[in-house]
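> Spelled out from the first residue to the last, the chains are:
Number of protein chains: 6
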Amino acid sequence: MPYVNIKITREGVTQDQKSALIKGVTDLLKEVLGKSPATTFVVINEVDLEDWGIGGLPVEEYRKTLDKP
Amino acid sequence: MPYVNIKITREGVTQDQKSALIKGVTDLLKEVLGKSPATTFVVINEVDLEDWGIGGLPVEEYRKTLDKP
Amino acid sequence: MPYVNIKITREGVTQDQKSALIKGVTDLLKEVLGKSPATTFVVINEVDLEDWGIGGLPVEEYRKTLDKP
Amino acid sequence: MPYVNIKITREGVTQDQKSALIKGVTDLLKEVLGKSPATTFVVINEVDLEDWGIGGLPVEEYRKTLDKP
Amino acid sequence: MPYVNIKITREGVTQDQKSALIKGVTDLLKEVLGKSPATTFVVINEVDLEDWGIGGLPVEEYRKTLDKP
Amino acid sequence: MPYVNIKITREGVTQDQKSALIKGVTDLLKEVLGKSPATTFVVINEVDLEDWGIGGLPVEEYRKTLDKP
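Note that the protein sequences, when read in sequence, are chains A, B, C, D, E and F. Using UniProt numbering, the first residue of the first sequence is number 1, and each one after it goes up by one. Using UniProt numbering, the first residue of the second sequence is number 1, and each one after it goes up by one. Using UniProt numbering, the first residue of the third sequence is number 1, and each one after it goes up by one. Using UniProt numbering, the first residue of the fourth sequence is number 1, and each one after it goes up by one. Using UniProt numbering, the first residue of the fifth sequence is number 1, and each one after it goes up by one. Using UniProt numbering, the first residue of the sixth sequence is number 1, and each one after it goes up by one.
No lab work stands behind these hints: they were computed from the structure. Computed from a predicted structure; not experimentally measured. By construction, the Cβ of each residue, glycine as well, lies at the ideal position given by its N, Cα and C atoms. Treat the hints loosely; a few may be bogus.
To be verified - Listing some non-contacts, in silico: residues in chain C with all C-beta distances to chain B over 10 Å:
1) E31
2) P37
3) E50
4) G56
5) E60
6) K64
7) T65
8) D67
What the hints assert, rightly or not - Covered stretches of chain B, as calculated for chain A (at least 3 residues, CB under 8 Å):
9) 46 to 53
10) 56 to 64
Stated by the list, open to error - SDA-like, lysine to any residue: derived pairs with alpha carbons at most 25 Å apart:
11) K35/D with V47/D
12) K35/E with K64/D
13) K64/C with L49/C
14) K35/B with V32/D
15) K35/C with K64/D
Please take these sequences and the hints and turn them into a complete structure.
Below you can see the structure in the form of structure tokens.
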């Protein structure tokens, strides 16, 4: 009875993409560990860009530093 | 000083129901483990139906499969 | 299909107490929100005292500050 | 930069199976959302059977109820 | 590659304050443990007041009990 | 009443370093948001290297790929 939590930045992820994540993770747990899909939970959290930090900066500012040549 | 996180699907849970969850969990931790309510945190997360998967499907689609005779 | 995570300090919690927490939380979610126990997950994490901070100190040191008259 | 947390019961999962979970989830996020593996974190938590509840019971007791004819 | 999750009540936290939290936590992990900022994630969750309980009550009600002389 | 969870790889972190993390995060929340230390929780989780993935690999294998000239 696995519980999987996927946190991603909120950037226009579609319902179809979410369904694909849910199906893919559930299939993976069945294949690798034999877990039953009926008791496999997948919870997706979209996190606003200003709430996700990397490199000591909010994501959008961090990305700008990577674009610099 | 317990920390309890309750994740449920977002389906019209009322403020009164949330208060009942907070009180119920806090009372339980006091009764079973003697934990002080003053340092017991309860955080409720409502998760959109499209963000919760079970059986390899988003919740709403999964429920449809259960209704089939 | 709720998911509940209970974090408590590791201080000799017994199997019976854990069972009481699992049953209590599951019953609460059924009573308040009508959630089915068959799809209610409860995960308990015991956290070592040195890994839990409050008041800017590890729990054990914090408790000593409270004992001071 | 996704963060994925996989919680499973502690029941003899091997290092190879863990590697397969890490690779599978990372590949999935690349395929579905185009996320870079270099900033995709996967954290696996194995949870002791007595710490995981379903149906209002610790997992092992719950499974016994399912075996009854 | 640390992952830090900060949960706070939703009460008008500004973008600048969020940036200060992200920078502060990332710097701390570098200073104390030598962790690289490039692989340090910080995720902030603002939680609605009605979804956060302490003392067996939602935060706002709890605060009223503290104001009583 | 913030709740902060710090996840790091298990690689010989000392009690003093943990205390420094707890103090640093609690001070930061007080300075930036005026949060009271008495209701600020910090929970540290050390994660075994085989349970943390990045780049589609467990941490130790991933690090080997970085060492290659």
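> Does the stretch 46 to 53 of chain B contain three or more residues whose Cβ lies closer than 8 Å to a Cβ of chain A?
holds (count 5)
> Non-interface claim for E60/C: all C-beta distances to chain B beyond 10 Å?
12 Å, holds
> Going straight from one Cα to the other, do K64/C and L49/C come out at no more than 25 Å?
13 Å, holds
> Does T65/C really sit off the interface, with its C-beta more than 10 Å from all C-beta atoms of chain B?
Per Cβ check, T65/C is outside 10 Å of chain B; nearest 14 Å; holds.
> Against chain B, does G56/C keep a CB gap of more than 10 Å to every residue?
Correct as stated: the minimum Cβ-Cβ distance to chain B is 14 Å, above 10 Å.
> Does the no-contact call for K64/C survive, Cβ to all of chain B over 10 Å?
15 Å, holds
> Counting residues of the stretch 56 to 64 of chain B whose CB is closer than 8 Å to a CB in chain A, do you get three or more?
holds (count 4)
> Grab the minimum beta-carbon distance between E50/C and chain B and tell me whether it stays above 10 Å.
The claim holds: E50/C sits with its nearest Cβ about 14 Å from chain B, beyond 10 Å.
> Would the pair K35/E and K64/D pass a check requiring their Cα atoms to be no farther apart than 25 Å?
With a Cα-Cα distance of about 46 Å, the restraint between K35/E and K64/D is violated, given a limit of 25 Å.
> Taking the closest pair, is the beta carbon of E31/C still more than 10 Å from chain B?
Incorrect as stated: the minimum Cβ-Cβ distance to chain B is 8 Å, not above 10 Å.
> Would you check the hint for K35/B and V32/D, treating anything up to 25 Å between C-alpha atoms as holding?
44 Å, violated
> Over 10 Å to the closest beta carbon of chain B is the bar; see if P37/C clears it.
Given a closest Cβ separation of 14 Å, the condition holds.
Violated hints, in rising order: 1, 11, 12, 14; the structure is consistent with all others.
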